[in-house]
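Student: Working from the sequences, and respecting the hints, build out all of it.
There are 2 protein chains.
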Amino acid sequence: MLDSTLDFIKVGFLQTHPSFGKKTANVEEAIRLSRQVETDLLILPELFNTGYNFLDRKEVSMLSEEIPGGPTTTRLLDESKRRRMTFVAGLVERSEDCLYNSAVVASRGELMGVYRKVHLFSREKILFNPGRDGFKVYDLNSFKLGVIICFDWIFPEAARVLALNGAEVIAHPSNLVLQGFAQKAMLARAVENRVYTVTANRVGVEKRGGRRLRYTGKSQIVSPEMKILASATAREVVAKSYNIDLRMARDKYITPHNDLFQDRRTKLYSGILSQL
Amino acid sequence: MLDSTLDFIKVGFLQTHPSFGKKTANVEEAIRLSRQVETDLLILPELFNTGYNFLDRKEVSMLSEEIPGGPTTTRLLDESKRRRMTFVAGLVERSEDCLYNSAVVASRGELMGVYRKVHLFSREKILFNPGRDGFKVYDLNSFKLGVIICFDWIFPEAARVLALNGAEVIAHPSNLVLQGFAQKAMLARAVENRVYTVTANRVGVEKRGGRRLRYTGKSQIVSPEMKILASATAREVVAKSYNIDLRMARDKYITPHNDLFQDRRTKLYSGILSQL
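Those sequence lines, one after another, are chains Z and U.
For what it's worth, our numbering labels the leading residue of the first sequence as 1, then goes sequentially.
For what it's worth, our numbering labels the leading residue of the second sequence as 1, then goes sequentially.
What you were told as hints is all true, and nothing was included just to trick you.
Identical copies go unnamed one by one, so any copy, or any two together, can satisfy a pair.
With a straight-line Cα cutoff of 27 Å, these simulated BS3-like cross-link-like pairs (lysine-lysine) come out:
#, residue 1, residue 2
1, Lys252, Lys184
2, Lys252, Lys125
3, Lys125, Lys267
4, Lys125, Lys207
5, Lys267, Lys136
6, Lys81, Lys136
7, Lys184, Lys227
8, Lys22, Lys58
9, Lys136, Lys125
10, Lys144, Lys10
11, Lys144, Lys81
In short, the hints are calculated from the structure, not lab data.
Tutor: Right, dumping it as C-alpha cells:
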C-alpha cells in the first residue's frame, strides 16, 4: 500500500463511545467501526479500550497491558497487518511498576513504537506516571508521523518538536472534556508547523465515584492551511477519512519569502527552555 | 491611574484605515479616534502612521523616524501623558543605516521601549532589517506587557517567551492580509500562555506598484480562557476596549492539578532550539 513515492495518503479518525472497563467489547467495537472507512492511517481515541474515568490507580493497573504482548496491541497489530494500514490508539501501558497513558503505533503488523503521554491532565497525575521519553517521529515509509495525546495540545512545544523532527502528520488521540479549546487550538498547531493534525476524540458521559465527565467529540482533521478537512459532531460515533496531499506538509513556505522553519530566530527563543 | 494593587485594567484596540504616506493626517486621525474610547492601554496597528504597501526601501526610508525624537513618537508620548495611558503603536524606525518595522510603548509621557519586529513577512524582508533584540516585557506598574507584531503570531515561541518572562497582556499591532489565520491562532496564543492578547489590525485596500493588498480587520481582545472579549468587523474603523481581570493571567492553573508553566517538561523540548 504505502510507497515512498506517494504524495497522497488517506488519514482518518474513529470517534468512539466506549463502555468503562469492558476492554474486549470496546476493542472489538472499535475494530468493527474502523472497517467502515478505508484509510492508510486511523487514529483512535485516548484510552479507547478502557474508558477514562478511573477511580484510582489500582483500577488503572487492573485494566493495564504490557506493550507489546497485551491483548489490545496484539489485536491492533493483527488488524493492521491484514488491512495493510496503521493504527494509532490509546491504552494503559504497564511497564515494571509504572502505568502510562500511552498510544501504540501499529503499522502493517509491526509495532513501530509507543508514545507515553508527557503532560498529564488533572487527576491523571494521581493515576499515571508521566512519560519520560519525549516526542518521537515514526517513519512509515511514505510519510512521517508524530503522536501527542489529549492535553499535550496546550503545550505548543510538543507539536513543534515533532514537526521540527520531520513529522508531517500529528496524531492526537484524545478524551477531551474542556469545551472546544483543543479543537480550536489544533488549528494553530497545524498552521504554525504546516502539518496535518488528526484529533480522535470520544463522546458520551462517564459518571463514576461521584465524578462526571462529558467528552466533547468534534474529532477533526486539519490541513497545514488551517482548513478543517473532516470533522464529527459532539455526539456521534463515526469514522471519517480524508485524502491528504503530503507535499503541503513538506513545503514549509507560507509565502515565497517565508519558510516557516528557516525563518525561526532560535537565538531569540532561548528563554523557552527555562523551567519555572 | 495605574496602581500596582489594581487587578482590573481597560485594554483596547484601534482599527484604522490609514492613507498611504500621509503621516501627519494618519497620526491625527488615530489620535482623534482613540479619544472615542476610555482605556488604560490602547493598541494601534502596525505601521499605523504610514501605511504598509511600500514600493521599495527608499520609500520606507523617506517615511521613517528616529525613536525617540521622531514626530509620531513625540505625538504619542504627549497624548499618553495628557491622558495618563499607554499606547502601543507601529511605525518605521530609522536607526543608523537600519530600518525596522517597530512598535513603540508610550506610557504616560515616557517611552518604555521599542520592539523591532523579529519575523518579517514576505516583501518586508526586502524593505526592513529584522529586529535583533528579541522579545521584551515592559513593567507598566500595574501589569506587564509584551509586544509582537503581525506575522510574529505564527511563531509560538514569540508569545511563549514573553509569557514566561511575565507578560500578562500581549499587544499585537498588525496589518494582516491572510484571511483569518492570525485571528484564530491568537486564541491559541491566549489559552496556551494564559494571557490576554490584543490584536489591532487595519482595514482597507492598498494598491501600489501593481501590488494590491486587502487588510482583514477583525481586531480582537482574547481572554486567557480563549473568549473573544471584544472584536471588530472586517471593514469598520473603530476603537473598542474591555475591562480585564489581570488575576486570570497571573494564575496559570487551568485545573487544580495543572499549572501550565510548572507543567512544562522543558528537558523534553530541547529540539525546539535547533535552527534548520
